[in-house]
Amino acid sequence: DVKVTQSSRYLVKRTGEKVFLECVQDMDHENMFWYRQDPGLGLRLIYFSYDVKMKEKGDIPEGYSVSREKKERFSLILESASTNQTSMYLCASSLGGHQPQHFGDGTRLSIL
Amino acid sequence: AQKITQTQPGMFVQEKEAVTLDCTYDTSDPSYGLFWYKQPSSGEMIFLIYQGSYDQQNATEGRYSLNFQKARKSANLVISASQLGDSAMYFCAMRENSGYSTLTFGKGTMLLVSP
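Heads up: the protein sequence lines correspond to chains A and B, in order. Take the first sequence: its letters are residues 1 to 112, numbered as in this note's numbering. Take the second sequence: its letters are residues 113 to 227, numbered as in this note's numbering.
Excised from the complex, chain A in its bound form:
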């Protein structure tokens, strides 16, 4: 079974802090994704990566950056956290093509 692990289920940070959300997958997938999920808005793609050190902006990249130094690990970085980044963050990985994306359990991030 594919395992996608997000480092924290719940996280509370203060405005202005630099926040790191970590995601690790164990299936050697090329593609990894970061989404945020807000009530009534569904899942929105922040950034994705199709290979080590490669990244592409999704639909809502503002205020975020990512890092993929190793194939199994994809990090989401909030450079200077703001209250409007309070959300559920979901990481996913996939082989691509018609293969489904496999998701981690999510991180509920609160910015105070």
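One or more of the hints may lead you astray.
[What the hints assert, rightly or not] In silico SDA-like links for lysine to any residue, alpha-carbon gap of 25 Å or less:
1. A/K53 to A/L78
2. A/K70 to B/Y212
3. B/K185 to A/G42
Because the hints were derived from the structure by calculation, they are not lab data.
With the hints as your guide, set chain B onto chain A.
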């Protein structure tokens, strides 16, 4: 325009009944894929079923089936014999072949199954 539309914010069904969750999509790409995911209150996204645009038959996975009507651009999820554990948010998503393997999600439908 929204690429994935789920018009039902919430649905109620009694245990053991069948339920259909609607999904319409918009794409000009001739090759695409449609996915359904389930998200229980615990938060994890669970992949349920996949339908490719060139698949001749409707996809089925256990109690889940996909009513794929290509001309209408609809891909409705049918859950037969609902169970209490089916209570969750359900998301329809589309992958278009013209780009990377990214998915566009609908806003979801909350399904509540009552005894």
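Numbered hints the structure breaks, given as an ascending list | Result: no hint breaks.
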